[in-house]
Amino acid sequence: MSEKKKLTICLMDAPFEQARTVTALRLVDLALRRGHDVTVFAYEGAVALSFAKQKKHANAVHGCGVEEEDHPLPREWIAGLFEVAAQGDAKLDWINCGLCVDERGVEEAVQGCRRGSPADFWGAATGSTNTLVVATR
Amino acid sequence: MTRYLLIESRDPFENGDVESDFALARDLAGSEANVTVFLAQNGVLPARRRARASELDQLLTGRVRVMADEFSLRERAIASRDLRTSVAAAPLDVVLDALVAGDRVLWM
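Chains as they are written, first to last, in this note's numbering: chain A, 4 to 140; chain B, 679 to 786.
Treat the hints as calculated values from the structure; they're not laboratory data.
Glycine residues also receive a C-beta, built at the ideal position from the N, C-alpha and C atoms.
Among the clues, some could well be false.
What the hints assert, rightly or not - Keeping only pairs whose Cα atoms sit at most 20 Å apart, straight-line, the calculated EDC-like set for lysine to aspartate or glutamate is:
| hint | chain 1 | residue 1 | chain 2 | residue 2 |
| --- | --- | --- | --- | --- |
| 1 | A | Lys58 | A | Glu71 |
| 2 | A | Lys9 | B | Asp781 |
| 3 | A | Lys7 | B | Asp781 |
| 4 | A | Lys9 | A | Asp96 |
| 5 | A | Lys59 | A | Glu72 |
| 6 | A | Lys9 | A | Asp123 |
| 7 | A | Lys8 | B | Asp775 |
| 8 | A | Lys9 | B | Asp775 |
| 9 | A | Lys94 | B | Asp775 |
| 10 | A | Lys58 | A | Glu110 |
| 11 | A | Lys8 | B | Asp771 |
| 12 | A | Lys7 | B | Glu697 |
| 13 | A | Lys9 | B | Asp771 |
| 14 | A | Lys7 | B | Asp705 |
| 15 | A | Lys8 | A | Asp92 |
| 16 | A | Lys94 | B | Asp771 |
| 17 | A | Lys9 | A | Asp32 |
| 18 | A | Lys8 | B | Asp781 |
Claimed, not checked - Per the computed footprint, the stretches of chain A lying under chain B, defined by three or more beta-carbons under 8 Å from a beta-carbon of chain B, are:
| hint | segment |
| --- | --- |
| 19 | 5-15 |
| 20 | 19-26 |
| 21 | 33-42 |
| 22 | 125-137 |
Construct all of the structure, not just a fragment, from the sequences and the given hints.
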């Protein structure tokens, strides 16, 4: 691995809406696997990405039950990112904007996530090698 | 020389902003910056050899390097041989490398 760096990534898109989220989480996964520390600041709709009560569902159009459909859930992807970090020498700090969480009633997040504010984003960005903002379009 | 990496994840037919994003890339390159455009998701669609994409062709005539995300290409069943000559298939590592190097990375 090259020298360990700190990266900050801001996500804003709500779950189940944008392919940007998948690409951004692929990037987080890659950074963690390379041993870099990553802070994710989830803002606006992105705070629901880690909502612990997301549920899989069947798909009648596909003729699939819940198990067979195996609907992908962002909360599982995020839990997977924490596992990747734990298995290596990397740290994932996932911060959900508290005001955005309260607005949307998504307080229950998967283990490892914490509440914060835009001030945490500022702090993470100023302490990072680089920051990427994945803005809502 | 300042290095920029612009991520374009939209198809020009999907969003008119792509044209101005490519114009920004050209302008940055014209100001002596080192510019790479990384196409991802539906952003890879104009990179197909037979796609009508005058905006991308304009970009390719300049000093801008253009890459297309291998994963996004595979998702869309686009083979590397089906890309425009000047577009290279590349892994997402390109974006991470740019971030780690402290390049200016913008998701358009």
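Checklist entry - Which of the numbered hints are not met once you compare them with the structure shown? => result 12, 14
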